[in-house]
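Protein chains: 6
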Amino acid sequence: MKKTAVYPGTFDPVTNGHIDIIKRGIKIFNKIIVAVMFHPKKSTLFSLEERIFMLEHSLKGLKNIKIEPFDELLVDFVKKKNAQVVIRGVRAISDFDYEFQMALMNRQLANDIETIFMIPNGIYSYLSSSLVKEIAQYGGNIDTLVPMFIKNQLQRKFKL
Amino acid sequence: MKKTAVYPGTFDPVTNGHIDIIKRGIKIFNKIIVAVMFHPKKSTLFSLEERIFMLEHSLKGLKNIKIEPFDELLVDFVKKKNAQVVIRGVRAISDFDYEFQMALMNRQLANDIETIFMIPNGIYSYLSSSLVKEIAQYGGNIDTLVPMFIKNQLQRKFKL
Amino acid sequence: MKKTAVYPGTFDPVTNGHIDIIKRGIKIFNKIIVAVMFHPKKSTLFSLEERIFMLEHSLKGLKNIKIEPFDELLVDFVKKKNAQVVIRGVRAISDFDYEFQMALMNRQLANDIETIFMIPNGIYSYLSSSLVKEIAQYGGNIDTLVPMFIKNQLQRKFKL
Amino acid sequence: MKKTAVYPGTFDPVTNGHIDIIKRGIKIFNKIIVAVMFHPKKSTLFSLEERIFMLEHSLKGLKNIKIEPFDELLVDFVKKKNAQVVIRGVRAISDFDYEFQMALMNRQLANDIETIFMIPNGIYSYLSSSLVKEIAQYGGNIDTLVPMFIKNQLQRKFKL
Amino acid sequence: MKKTAVYPGTFDPVTNGHIDIIKRGIKIFNKIIVAVMFHPKKSTLFSLEERIFMLEHSLKGLKNIKIEPFDELLVDFVKKKNAQVVIRGVRAISDFDYEFQMALMNRQLANDIETIFMIPNGIYSYLSSSLVKEIAQYGGNIDTLVPMFIKNQLQRKFKL
Amino acid sequence: MKKTAVYPGTFDPVTNGHIDIIKRGIKIFNKIIVAVMFHPKKSTLFSLEERIFMLEHSLKGLKNIKIEPFDELLVDFVKKKNAQVVIRGVRAISDFDYEFQMALMNRQLANDIETIFMIPNGIYSYLSSSLVKEIAQYGGNIDTLVPMFIKNQLQRKFKL
Chain U
-3 MKKTAVYPGT
7 FDPVTNGHID
17 IIKRGIKIFN
27 KIIVAVMFHP
37 KKSTLFSLEE
47 RIFMLEHSLK
57 GLKNIKIEPF
67 DELLVDFVKK
77 KNAQVVIRGV
87 RAISDFDYEF
97 QMALMNRQLA
107 NDIETIFMIP
117 NGIYSYLSSS
127 LVKEIAQYGG
137 NIDTLVPMFI
147 KNQLQRKFKL
Chain E
-3 MKKTAVYPGT
7 FDPVTNGHID
17 IIKRGIKIFN
27 KIIVAVMFHP
37 KKSTLFSLEE
47 RIFMLEHSLK
57 GLKNIKIEPF
67 DELLVDFVKK
77 KNAQVVIRGV
87 RAISDFDYEF
97 QMALMNRQLA
107 NDIETIFMIP
117 NGIYSYLSSS
127 LVKEIAQYGG
137 NIDTLVPMFI
147 KNQLQRKFKL
Chain V
-3 MKKTAVYPGT
7 FDPVTNGHID
17 IIKRGIKIFN
27 KIIVAVMFHP
37 KKSTLFSLEE
47 RIFMLEHSLK
57 GLKNIKIEPF
67 DELLVDFVKK
77 KNAQVVIRGV
87 RAISDFDYEF
97 QMALMNRQLA
107 NDIETIFMIP
117 NGIYSYLSSS
127 LVKEIAQYGG
137 NIDTLVPMFI
147 KNQLQRKFKL
Chain P
-3 MKKTAVYPGT
7 FDPVTNGHID
17 IIKRGIKIFN
27 KIIVAVMFHP
37 KKSTLFSLEE
47 RIFMLEHSLK
57 GLKNIKIEPF
67 DELLVDFVKK
77 KNAQVVIRGV
87 RAISDFDYEF
97 QMALMNRQLA
107 NDIETIFMIP
117 NGIYSYLSSS
127 LVKEIAQYGG
137 NIDTLVPMFI
147 KNQLQRKFKL
Chain B
-3 MKKTAVYPGT
7 FDPVTNGHID
17 IIKRGIKIFN
27 KIIVAVMFHP
37 KKSTLFSLEE
47 RIFMLEHSLK
57 GLKNIKIEPF
67 DELLVDFVKK
77 KNAQVVIRGV
87 RAISDFDYEF
97 QMALMNRQLA
107 NDIETIFMIP
117 NGIYSYLSSS
127 LVKEIAQYGG
137 NIDTLVPMFI
147 KNQLQRKFKL
Chain W
-3 MKKTAVYPGT
7 FDPVTNGHID
17 IIKRGIKIFN
27 KIIVAVMFHP
37 KKSTLFSLEE
47 RIFMLEHSLK
57 GLKNIKIEPF
67 DELLVDFVKK
77 KNAQVVIRGV
87 RAISDFDYEF
97 QMALMNRQLA
107 NDIETIFMIP
117 NGIYSYLSSS
127 LVKEIAQYGG
137 NIDTLVPMFI
147 KNQLQRKFKL
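Residue numbers (the numbering used here), protein chains in the order written: chain U, -3 to 156; chain E, -3 to 156; chain V, -3 to 156; chain P, -3 to 156; chain B, -3 to 156; chain W, -3 to 156.
Hints were generated in silico from the structure; no laboratory data involved. Treat each hint with caution, since some may be false.
Because identical chains cannot be distinguished in the list, a pair is counted as satisfied if it fits within a single copy or across any two copies.
Claimed, not checked - Simulated pairs of lysine-lysine, DSSO-like, Cα-Cα distance not exceeding 30 Å:
id	residue 1	residue 2
1	Lys77	Lys155
2	Lys153	Lys(-2)
3	Lys76	Lys56
4	Lys(-2)	Lys27
5	Lys23	Lys62
6	Lys62	Lys147
7	Lys76	Lys129
8	Lys37	Lys(-2)
9	Lys129	Lys56
10	Lys19	Lys153
11	Lys59	Lys76
12	Lys75	Lys129
13	Lys76	Lys153
14	Lys62	Lys153
15	Lys76	Lys155
16	Lys75	Lys155
17	Lys147	Lys56
18	Lys23	Lys155
19	Lys23	Lys38
20	Lys23	Lys76
21	Lys153	Lys(-1)
22	Lys56	Lys19
A quick note: this is a predicted structure, and the numbers were derived from the prediction, not measured.
Between the sequences and the hints, there should be enough to build the whole structure, so can you do that?
Set out below in structure tokens:
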């Protein structure tokens, strides 16, 4: 019985918190598809190609992981990939509240897909892509928050 | 003693969750005014006229209900209508937090108007107008989330 | 159309927060039944008779209010009284969480009974019977938290 | 790669909410061990033997499920069973708060064991063993909350 | 041992809630620097100069308080000022959730700076600059929410 | 201007989380009084004398700290000690909810005493005296949760 899980997100950019969840997930599932959301109307700092490229660079060496874009309903993507599970990382209560709502809605749309929640390492409990971008923009130290490669990409983007 | 309650919202568009609250409210109050917020600067998918029209269509047959636009402070509208109560539906904790703040502020502005909170049917606990729009946009199945008429309006809007 | 609401609680003892909710409720409903929970196994500071007596004293002069004990399922009591609504006061988030659970369970048991939530005056947002008892026990000042009569009863009970 | 998950609880008694989580879990994992907590000092309505018997009866026919008692640290039990994952069902925000704390503590005690959270069917979102016992005690209708066999056991216990 | 605290915010405009926190803070610390955030890309109703001017006017007479703009990482500003503490006012749960995240992130960036949380007077528990602006825009009564001077500035801005 | 803060608790037993808050607090205040609650009716694992002794041992070497028992209203103790501030550590949302209530109640009882909230190091975010006792009882590893001396006391108590 092969189990595939989808880990969806915007990854603008990927952080050490995301990578931590992926590493925990791959111990449970046979394969994880990191699904990079593409939304024509929502503006991101990095393009879809850049976000995928940064993920590939950051997850190099990890086995059983695939990175793919998606621009459809999450449940439709999950079905198309023959996956059974959606993984979501939760840090804080407010996170969970929104995640709960999405999970129930997705169950309504596709009853056979389960959403499971995982907690990242406590040292990443304050971490989000938005915070990383805000700190990087002001030249703050993000060495422990993202891989070195991502740090460089952020500095290039902000012309620091 | 005639009791009138105001049920305010943007209704962009009305969902089965809204309709559920209205049906529950009308068992308690003699009259419910569904107050459709009009905010010139906030963009909505549907125009004020469309939102009112969709509500009229969805609430057809229900007695003691009036649908009216408002573009003023909620408490001023409530007073003008000689209503005594504001009804708010709450689904999740984060909802309630914001609602609590609004209710206390409105009490500060008009001490004689009470806000009461009601819970929609559990099957609508994940439901919001934003989620419905997001799912409809991707062609997802919203048959159980909005009346058929609203579904058609959404499909027309998104040219599906 | 006569509307009766039940306001259930332990009232061990009644506080200014409870009285505030009752006064707000009676502006909305034709009649409010203050239902005093009696649970043989749960120990209370005041006996059922004392709790009812203190409520009667504190609500003297308010019209359309009845005080009654109950030792059955809340929904069974509500039906027997031909009431349609249960009123609950909510102060904090954690309150609401528990209340939400009870309201959904009661709806499951009796679909035609609605639970509505009301917010007490902000100055009572920290107030609970337990806190009042704790403060009274140490001789703290509870003048603004309970009616004078209740204060005296607490002092007698704690032999202050 | 065989994946075993442990689903711990008191199950005093098992409810339809527990059964729902177990059924969802077994679609993800190769084997689920339902671990029944035994705590000499914590009083339960049903004895350990009764709780296990009721689980066996309720889960009859489900494959890849084992029911076992434990009276040690959860992480020690999980290791002894060569399991890698702990499953927890979460219903409400307050649930999650406590669960989050336990999961982080367990990770501290055993870094290689992951806790994952799953959401039961929305119709069980208000359901807990305590509520079931309270309703059963008063003769309320629990037909949709527990299997028929559990209902009978509760009625026998309460001599209804 | 001189203790300086920084109280950062957008203050668009300052409210009675902010002033309440500052007055409470000055009883604890030797000096408070009210740090007015300037973010070129985030639009505010009042310009940086106007926001500082309104703060100066509202805090006139209070000793040991300095008002200064900042457009850098908060922790960098705090260090430059030789301050040791960041003060944040918290009103509601959702507030605290976000504040918690910011405080942990700031500790990560500068381990020797402590964030402390204070609660404003309960009568301001519903108060925010956004709500004040919304009410003022509709000509609502904000007499108890901001100083008279701020009220006049708001009315001028909205050409009421 | 000498500033004294009171840090109240049961400390049954003191954990690394408590010690972390005390160390952070002493950087802000001139003196911290660690106030050990004594409640004749509430049973604790360690006696008042043991709890004070363990605190003394754990805080040895830290300056400007005093450890004292109290069995009265917190605000009365704070006044008697000429302190102006109460320090509380907050970890999770549910913590804060309860703390918020206590702080507002204490302000009602003594308006000139401020409660401030501080966050312990993230690695102690899951830590509580109850959890430590539960883990110690089962022989779990608590090396990173309490000082070695406390660990020994717990093992002696549980006769491990």
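Inset, instruction - Could you figure out if Lys75 and Lys129 sit no more than 30 Å apart (CA to CA) within one copy, between two copies, both or neither? - result: Classified as between: cross-chain Cα gap 21 Å, same-chain 33 Å, threshold 30 Å.
Legend entry - Copy assignment of Lys153 with Lys(-1), given that the CA separation must stay at most 30 Å: Neither: 38 Å inside a copy, 39 Å across copies.
Inset, instruction - Evaluate Lys153 and Lys(-2) at a C-alpha cut-off of 30 Å and name the case that applies: within, between, both or neither. - result: neither (40 Å within a copy, 41 Å between copies)
Legend entry - Copy assignment of Lys23 with Lys62, given that the CA separation must stay at most 30 Å: Cα proximity of Lys23 and Lys62: in one copy and across copies (15 Å, 22 Å).
Legend entry - Copy assignment of Lys62 with Lys147, given that the CA separation must stay at most 30 Å: Only inside one copy: Lys62 and Lys147 sit 23 Å apart there, 36 Å across copies, limit 30 Å.
Inset, instruction - Can you give me the call for Lys76 and Lys129, within, between, both or neither, at a CA distance of at most 30 Å? - result: Answer is between; shortest inter-copy Cα gap is 22 Å, intra-copy 33 Å.
Inset, instruction - Give the relationship of Lys(-2) and Lys27 under a CA distance limit of 30 Å: within one copy only, between copies only, both, or neither. - result: Result: close both inside a copy and across copies, 8 Å intra and 14 Å inter.
Legend entry - Status of Lys56 relative to Lys76 across identical chains (alpha carbons, at most 30 Å): within (25 Å within a copy, 33 Å between copies)
Inset, instruction - Have a look at Lys23 and Lys38 and pick one of within, between, both or neither, based on CA distance no larger than 30 Å. - result: neither (33 Å within a copy, 35 Å between copies)
Legend entry - Up to 30 Å CA-CA - Lys76 versus Lys23, copy category: Both: 23 Å inside a chain and 18 Å across chains, each within 30 Å.
Legend entry - Alpha-carbon proximity between Lys37 and Lys(-2), which holds within one copy, between copies, both or neither at 30 Å: The answer is neither: 36 Å in one copy and 43 Å across copies each exceed 30 Å.
Legend entry - Status of Lys155 relative to Lys76 across identical chains (alpha carbons, at most 30 Å): Intra 40 Å, inter 24 Å, cutoff 30 Å: inter-copy only.
Violated hints for the displayed structure, listed by number in ascending order: 2, 8, 18, 19 and 21.
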